[in-house]
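Colleague: Each chain, letter by letter, is given below.
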Amino acid sequence: MAILVPRRTILAGMIGGAAAALGGCSRSSDRIGVGLITALTAQSAKSGEAISRGITIAIDEINAAGGLLNRKLELIRRDDESSPAKGVIAARELLYKEGVAVLFGGLDTPVARAIVPIATAARTPFVVPWAAGTVITHNGTDPNYVFRVSAVDELVDKAMVAFARRTYAVRRPGLILLNTAWGQSNEKGLKAALAAAGLPLAGSEKFEHSDLDVTPQLGRLRAAGADCLLMVATVGPSAQVVKSLDQMDWDVPIVSHWGPAGGRFSELAGSHANRVKFVQTYSFFGADTPVRARVLAALKAKYPDITGPQDVTPAVGVANAYDAMHLAGLAIAAAGSQDGEAVRRGFIRIGRYEGLIKTYDAPFAHGQDALDEHDYVWAEFDGGRIVPLPLPGTMPSKAA
Amino acid sequence: MEVLPALLTGLALGSIYGLIALGFHITASVCGAVNFAQGSSAMLGAVLLWMLTQAGWPVPAAVVIAVTACALYGLIVERAAIRPFLMRKSDAWLMATVALGLVCDNGVMLVFGAEPRSLPSPLAQDAVRVGGIDLGIYPLHLLIPLVMLALAGGIDLFRRRTLHGVAMLAVAQNRDAAAIMGIPVGRVIAAAFGLSSALAGIAGMLVAPLSHVETGMGVTLGLKAFAVAILGGLDNARGVVVAALLFGLVEALVTLGVGSGYTQIVTFMLVIIVLAVRPDGLLGRAQVRKV
Chain L
1 MAILVPRRTI LAGMIGGAAA ALGGCSRSSD RIGVGLITAL TAQSAKSGEA ISRGITIAID
61 EINAAGGLLN RKLELIRRDD ESSPAKGVIA ARELLYKEGV AVLFGGLDTP VARAIVPIAT
121 AARTPFVVPW AAGTVITHNG TDPNYVFRVS AVDELVDKAM VAFARRTYAV RRPGLILLNT
181 AWGQSNEKGL KAALAAAGLP LAGSEKFEHS DLDVTPQLGR LRAAGADCLL MVATVGPSAQ
241 VVKSLDQMDW DVPIVSHWGP AGGRFSELAG SHANRVKFVQ TYSFFGADTP VRARVLAALK
301 AKYPDITGPQ DVTPAVGVAN AYDAMHLAGL AIAAAGSQDG EAVRRGFIRI GRYEGLIKTY
361 DAPFAHGQDA LDEHDYVWAE FDGGRIVPLP LPGTMPSKAA
Chain C
1001 MEVLPALLTG LALGSIYGLI ALGFHITASV CGAVNFAQGS SAMLGAVLLW MLTQAGWPVP
1061 AAVVIAVTAC ALYGLIVERA AIRPFLMRKS DAWLMATVAL GLVCDNGVML VFGAEPRSLP
1121 SPLAQDAVRV GGIDLGIYPL HLLIPLVMLA LAGGIDLFRR RTLHGVAMLA VAQNRDAAAI
1181 MGIPVGRVIA AAFGLSSALA GIAGMLVAPL SHVETGMGVT LGLKAFAVAI LGGLDNARGV
1241 VVAALLFGLV EALVTLGVGS GYTQIVTFML VIIVLAVRPD GLLGRAQVRK V
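Going down the list, the sequences are from chains L and C.
Numbered according to the numbering used here, the first sequence spans residues 1 to 400.
Numbered according to the numbering used here, the second sequence spans residues 1001 to 1291.
A hint or two may mislead.
To be verified - The calculated label-pair distances, taken between Cβ atoms and stated as ranges, are: (1) N1106(C) x P84(L): 16 to 26 angstroms; (2) N1106(C) x D305(L): 22 to 32 angstroms; (3) R1129(C) x R294(L): 51 to 61 angstroms; (4) G1107(C) x P388(L): 35 to 45 angstroms; (5) D305(L) x R1160(C): 48 to 58 angstroms; (6) V135(L) x G1261(C): 19 to 29 angstroms.
Said to hold, decoys possible - Covered, in the sense of this in silico footprint (three residues per stretch, anywhere, with C-beta under 8 angstroms from a C-beta of chain C), are these stretches of chain L: (7) 212–226; (8) 266–277.
No lab work stands behind these hints: they were computed from the structure.
All values reported here derive from a predicted model rather than from experimental measurement.
Every residue, glycine too, gets a C-beta built ideally from N, C-alpha and C.
Produce the complete structure using the sequences and hints provided.
Modeller: Here you go:
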């Protein structure tokens, strides 16, 4: 009796078989591939380079200690140009052609969100060292292959409100947000955080990346009695807010998400760049730990443009990626193989690890995010350097 | 108190759109084609000024060189993306100028980099004060409309009072007749594109200190300037100037009045309504076509 198999099924089987064969071929080679999809060109290139450097330093350390599973780690990078479509193409290539054991990526939340279903379908852990969108790890999948060593928008929003209240005793903050998915997502989080804190909202204003003037939006917030601005915007637009405030001669404190930290904010915003206080997960100007000294020395040795902590920018990119790579290494070691599901379980089994940002203790045993609001540090620009602020509550109030 | 700064800032930004839009008007009236790479010319002017001043050139010399380079870029646009298609009576110049603009933006990015850079100016550091009251604007905000009006007036005088300007008008009115009269039509059209790009370059240089310099800065500027040119009437310089100032004012006042979420909606809805009532723009004339 002839068995009729639909052509579509045969085709799917052939593609699956080919993918498995390719994956199998790569994974049985003499190296363990670590994929990285990030922006290596366009505006976020500097941040993408910081992530690359953090992972590279960690891989160098792991390889110097003998590698994992008797193999060396190899970083394979692809440029997503901050485009989700390009991120998806790169993810498929790294997962199915290169057969990476772990995929790093997601400088931009939309790119990370686009990669999540690809990595989940490939049953390969996807590690996010930057993008802060809450939905990236809270993605509704089970088992969840996404792990993050970075800030989380929802927690950052709560931390921003708490910092503003603690530091400036604000009573009526206003929101100034970039008109993007990131801005909209944080608008919800900030409104929820303000409601939870019992603080009335003076107003919520959005502006475009290309806006040459933000004074009308800021004027509305001033007229509404805002005594502090909670800002979510990237480098250029954040600088435009500061310039517009200078133009209006409005001395109001600004508490910001980490957008200003990604580029030449202090140059663009001018002499008042330091009025912006923003969240970070790490600063190389903080406590001098043995890990910090080791990483800084390695960065200086490998990259001629780094002569000191002031050159490690954006520091969060380097620090998050460095710790994330070491945690991924521990997961692979715990798995004892490159099998994606085994490595996922390996992440959950990670115990204690003394990292750059902190000493992690079972970071993924109870969730997909290794960092929470207790790990955030607040920083400001001092010239071109990002320096951590003094302990909370010690700053003078500048409420207008 | 917030209204006056918004009005003055709106006039300044409207004038920036106006400078670029005047370029659209000049080329459209001379040969019926517009340069959709005008936004790139604005970016080029700002980037060149930044690079030259960083290299230690004095600002006046850097401005002259940057404007000249922008004019040369306009000549290249005409030669590469306009003339070949006009000669074949094809409208493909539309896509060709867009493509050339993208080539320029990405080419400049390779040299300048993707990161925005600051172009400080003493005219955008201390707010203007009148009688001890802070007006909430910089001197540059007042200078920009003056520059736009002066250049618009100068172009008007040039076209009516000089031989080259009259030649431009002649080509605009009837290309064939102008050629028969010995006017070098090709060169006049090329000059129109050079002038158009130079105006956009000046706009880019004027706006950069209020914001920053980056390779993508011309995209939105070019788009809004084209809306202004259509709104004013592509064939009418005075219409373009009036439309530019109105556009800037409406933008600022809508943002101040009802919030930034409605700025683009209200502004461009108004553009559509005005064009529905006056399809040839505020001061444009209806085109007569023989059928």
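Colleague: All the hints need checking, so say for each whether the structure fits it.
Modeller: These are the hints, each one checked on the structure:
1. N1106(C) x P84(L): 16 to 26 angstroms: Given about 20 angstroms between the Cβ atoms, the range holds.
2. N1106(C) x D305(L): 22 to 32 angstroms: 25 angstroms, holds
3. R1129(C) x R294(L): 51 to 61 angstroms: Given range 51 to 61 angstroms: holds, Cβ gap about 54 angstroms.
4. G1107(C) x P388(L): 35 to 45 angstroms: About 40 angstroms separates the Cβ atoms of G1107(C) and P388(L), which means 35 to 45 angstroms holds.
5. D305(L) x R1160(C): 48 to 58 angstroms: 57 angstroms, holds
6. V135(L) x G1261(C): 19 to 29 angstroms: With a Cβ separation near 23 angstroms, V135(L) and G1261(C) satisfy 19 to 29 angstroms, so the hint holds.
7. 212–226: Since three or more residues must qualify, the claim that chain C covers the stretch 212–226 of chain L holds, with 9 doing so at under 8 angstroms.
8. 266–277: With 3 residues close enough to chain C, the hint holds.
Figure legend: structure checked against the earlier numbered hints; every hint is met.
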